[in-house]
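Protein chains in written order, with my numbering: chain A, 1 to 97; chain B, 98 to 419.
It is worth saying that the hints were derived from the structure and are not from the lab. Check each hint, because a few of them may be wrong.
To be verified - A short list of chain A residues far from chain B (calculated; beta carbon distances all over 10 angstroms): (1) 16; (2) 18; (3) 19; (4) 43; (5) 49; (6) 53; (7) 58; (8) 76; (9) 86.
As the list claims (entries may be wrong) - Derived contacts from chain B toward chain A, CB cut-off under 8 angstroms, selection only: (10) 213; (11) 245; (12) 246; (13) 250; (14) 254; (15) 330; (16) 391; (17) 393; (18) 395.
To be verified - Below 35 angstroms or equal to it, Euclidean Cα-Cα: the simulated DSBU-like pairs (lysine-lysine) are: (19) B:241 <-> A:86; (20) B:135 <-> B:194; (21) B:275 <-> A:90.
Note that beta-carbon positions come from the ideal geometry of N, C-alpha and C, so glycine has one too.
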Amino acid sequence: MQDFRYLDDTAILRLSVEKCIGCGNCQVVCPHRIFLVRGGKAEIIDHNGCMECGACAKNCPVAAIYVNPDDGCGCAAYIIASWVAKIRGKTVSDRGS
Amino acid sequence: MAAALTGRDRFGTIGARTGFARDDYKVTPGLYGLGEPKDDSAVLVTANYKLSFDALRQELSGMNVWILVVDTRGINVWCAAGKGTFSAEEIAYQVAKAELDRIVSHRQLLLPQLSANGVAAHRLKELCGFRGRFGPILAADLPKFLRTGEADEGMRTVTFTLAERAVLIPLEICMLWKQLTVAAVLFFFLSGISPNFFSPALAVNRGLLLILATLTAILAGAVATPLLLPWLPFRQFWLKGAIIGGLAALLLFTGLPAMPAIERLAILLWTSGCAAFLAMNFTGSTPFTSLSGVAREMRQGLIFQIGSALLALGCWVAGPFV
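Same shape as in the complex, but just chain B:
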C-alpha cells in the first residue's frame, strides 16, 4: 500500500468535505501493510473512514507498520466510538479475521486516543489476546510517539484551531441545499401576497431579498461564527450566531435600497434567527460541547429562533399592506 496520496485521493477528500455522495468514503476493513512491516512492527488501529485512513498512511510514510482498519461504516474514529461501532468487540473481530496472532509476534494494538469513548481497552486482552494501548489524538504525532513510546500532555489534548474549524465549513454549508430550496419556494409564495391578492413581480423582487437575507445568515452562522468562535462573546452558540447575524443584517442594509421599517425589522429578525440556528448546529462539529450543555442552550435558543422566524415572516407578509 502506498503512503503518498494521489490526485484521485485528494479529489476524494474534496468530495468527503463537501458532502458529495457522502456515504461512499469507506475503506475496506482488514489488515494493511505500510512499507515493509515485519512480525515485530507496530499495529495501528483505525476507522474505515477515508479521511482517517489517509491521515494515518500519509503521516506514517517511510515507516513500516501494520494498519488494522475496523468497520465503522465509513464514520470517523471519534463519532464511530461515540455511536459504539468503534468498539473493543469490533477490534477483536477484525483481529481474529486477519489472524493477526499469526502475523505479528507481539501482542499490542495501538489505538487512537479518540476511540476511547467506544473502546474499553482493558477488555481487549480477554476478547482477542492483544493488549490495547492508546496513542496520541492526532496521526501527525504518531512518528514521535512510536520513536519515544510516550504521548505528552499536548498530544493527549484535543485542539480546535482556526484551520481545524475552517475545514468543517464546506460541509456545514453543503448540507443546507435541501432546506434552502424548500425555503426559496416558501419565500416567493409569501413575498407575493399583496393587497391585490398575489403579485408575481413582488414575489420575485421581495423573494430574492429574503434569499439574500438567508445567504447572509449562512455566512454569519455557518462561516463567520465557526471562524471567529473563540473571540465572540457568550458561551452559548446560538447567542454568538444571533449577534453576528444581527450585525450582518445591519451591514446588508447599507447595500440595499431603502425599504419600510417593518420590512427591515423582518430582515433583521430573520437573519439573526437563522444565524443563531446555524451557529447552534455547529455545536455538533466541535470537540468541547457536552450533550447536557447543548440541551440546555437549545431550550433557550430554539425559542428565540422559532419566535424570531415567525415574527420575521409575519412582518414580511404584512409589509405590502402597511
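In isolation and in its complexed conformation, chain A is listed as follows:
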C-alpha cells in the first residue's frame, strides 16, 4: 500500500534467513506485501511497510520471523485503555477495536 506510509524505522520485524525454508507462507499472508521469496529464501523488501500485524510470524512453520509481540494492536485508544487497566490492576476487554 504505497499511498499510506507510517513512521519509518519503528516496526519491530526480524527474519532469520538461516532458519527460513522458503515455504512462502509469509509472502501469501502479508497484507502489505513486504516479503518476497527468491532463490529458496524469503526476504523483507519493504521493512517500513510493516504494521506488525504478526500474520507472517504466526504462519511461519519454522519460527524464522519475529514481530513485536506486545499484546494489542496499533491503536492509541487501546494503548491508553491498557495503561488505565494496568494502574487499576485489571485486564482490558477485547471490545472497541
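Starting from the known structure of chain A, fit chain B onto it as the hints suggest.
The following block gives chain B in isolation, referenced to the frame of chain A:
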C-alpha cells in the same frame, strides 16, 4: 439461508456502524449452507460478526458454498485474529462440532487472508484433518478467487480508500457521547467562574462556546482527518489532527463575535489539542499503523494534547479576570 439482505439486515448495519447496542451483532456460530451446496462445495470460514457474515453471503449470492462461522464473540475477522479468538484451535473446534468431515468429501478450508495473524494455517491439518488455504482479503474478490483458484497481488493487498475510511466515521463520533456529556458539565462550571464568584449567565454563554469549539474539534479530528488522511502533511496522526484542528478554529472565529485575545487563544488551543487526540485515536481504525509506531507518536502527541488542554482551560478561566 438467503444471500440477499433484507430491510432488517440493512437497519442492523446502521446500528453496528453507529455503535448502537454494539455488543449485539453476533451470528450464531456453526455451519451454514448458501444456495444448495454439495459434498464437493467449498467451505469458507468467517467470524461471527454480523458485518463479516453479511459481506460474505451477499458477495457469494447465486453460488453454492458452505460457510463455517467461528465464535469470535461478535468481533470482525482481523481484530478477532489479532486478539487470538479467531484461531486454528477455534476453527478446529467448529469443524468437529459441525462434523464437517461427514458433510464434505474434500479436506480444505478457505480462510480470509486477514485471519492470518490469528490462524496458524499449517497447524490445522493436525488439529482437525482439514488443510487451511488463505483466500483474498475482501469477500468481493471471492467469486473470482473461487473461479480461478488464484488470488493476485491486488486481492492480497489491504486498501484504505475514501469509502473505506468514510464508513468508519459514524462510530468514531458515536463513541464520544459519554465523554462529551462529562465535558459539557465541566465547561459550564469553568465558564461561570467570574470576579463575582460564579455567574450563571457567563456559564451558559461561555460554556456553549466551549461546546462549539469541541464540536469543531470533532469535525476536524474525527471527520476531516480520516477523510483527508493521505493528503494531510506529516505521518504522525496527532500532527495531522493538530493542524486541521487549528485551521478549523481559525475558521470558527470568522463566525463568532469578537472576544478577548486570551479567550481566542484558549479556543484555538482547545480545538487543536482535542482534534490531535481524536486523530491519534483514529490509528486504531486504520490498516497500516504499527503498534511500535503508535506508541512512538503517543509519547509526543499526549504531551501536546494534555499541555494544550490545560493551557486552554487556564486561559479560559482567566478570561473574565483580565
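Hints versus structure:
1. Residue placement check: residue 16 (chain A) keeps its beta carbon more than 10 angstroms from all beta carbons of chain B (closest about 17 angstroms).
2. Every CB of chain B is more than 10 angstroms from the CB of residue 18 (chain A) (nearest about 20 angstroms), matching its label as outside the interface.
3. Here residue 19 (chain A) stays apart from chain B, with its beta-carbon at least about 15 angstroms from theirs, past the 10 angstroms limit.
4. With a closest Cβ-Cβ approach of about 17 angstroms to chain B, residue 43 (chain A) is found to remain outside the 10 angstroms limit, as its non-interface label requires.
5. Residue-level check failed: residue 49 (chain A) sits 8 angstroms from the nearest beta carbon of chain B, not beyond 10 angstroms.
6. Distance to chain B contradicts residue 53 (chain A) as a non-interface residue, since its nearest Cβ pair spans about 5 angstroms, not more than 10 angstroms.
7. Its closest Cβ contact with chain B, about 5 angstroms, brings residue 58 (chain A) to no more than 10 angstroms, contrary to its assignment away from the interface.
8. Some Cβ of chain B comes within 10 angstroms of the Cβ of residue 76 (chain A); the nearest lies about 5 angstroms off, and the non-interface call is violated.
9. Listed as a non-interface residue, residue 86 (chain A) keeps its Cβ farther than 10 angstroms from every Cβ of chain B; the least gap is roughly 14 angstroms.
10. With a least beta-carbon distance of about 4 angstroms to chain A, the hint placing residue 213 (chain B) at the interface is held under the 8 angstroms criterion.
11. The beta carbon of residue 245 (chain B) comes no nearer than 16 angstroms to any beta carbon in chain A, farther than 8 angstroms, and the hint placing it at the interface is violated.
12. For residue 246 (chain B), the shortest C-beta to C-beta distance to chain A is roughly 14 angstroms, which exceeds 8 angstroms, and the interface hint is violated.
13. Residue-level restraint check for residue 250 (chain B) holds (minimum Cβ-Cβ distance to chain A is 6 angstroms; threshold 8 angstroms).
14. Taking 8 angstroms as the C-beta cut-off, the interface hint given for residue 254 (chain B) holds, the closest approach to chain A being about 6 angstroms.
15. About 13 angstroms separates the beta-carbon of residue 330 (chain B) from the nearest beta-carbon of chain A, more than 8 angstroms, and the hint is not met.
16. Annotation: interface hint on residue 391 (chain B) holds; nearest CB of chain A at approximately 4 angstroms, less than 8 angstroms.
17. Satisfaction of the interface hint for residue 393 (chain B) is found here, the shortest Cβ-Cβ separation to chain A being roughly 5 angstroms, below the 8 angstroms cut-off.
18. With 8 angstroms as the threshold, the beta carbon of residue 395 (chain B) comes within range of chain A, its nearest partner Cβ sitting at about 6 angstroms, so the hint holds.
19. This hinted pair does not check out: residue 241 (chain B) and residue 86 (chain A) have alpha carbons roughly 46 angstroms apart, beyond 35 angstroms.
20. Among the hinted pairs, residue 135 (chain B) with residue 194 (chain B) is consistent with the structure: their alpha-carbon atoms are about 19 angstroms apart, no more than 35 angstroms.
21. Among the hinted pairs, residue 275 (chain B) with residue 90 (chain A) is consistent with the structure: their alpha-carbon atoms are about 21 angstroms apart, no more than 35 angstroms.
Violated hints, in rising order: 5, 6, 7, 8, 11, 12, 15, 19; the structure is consistent with all others.
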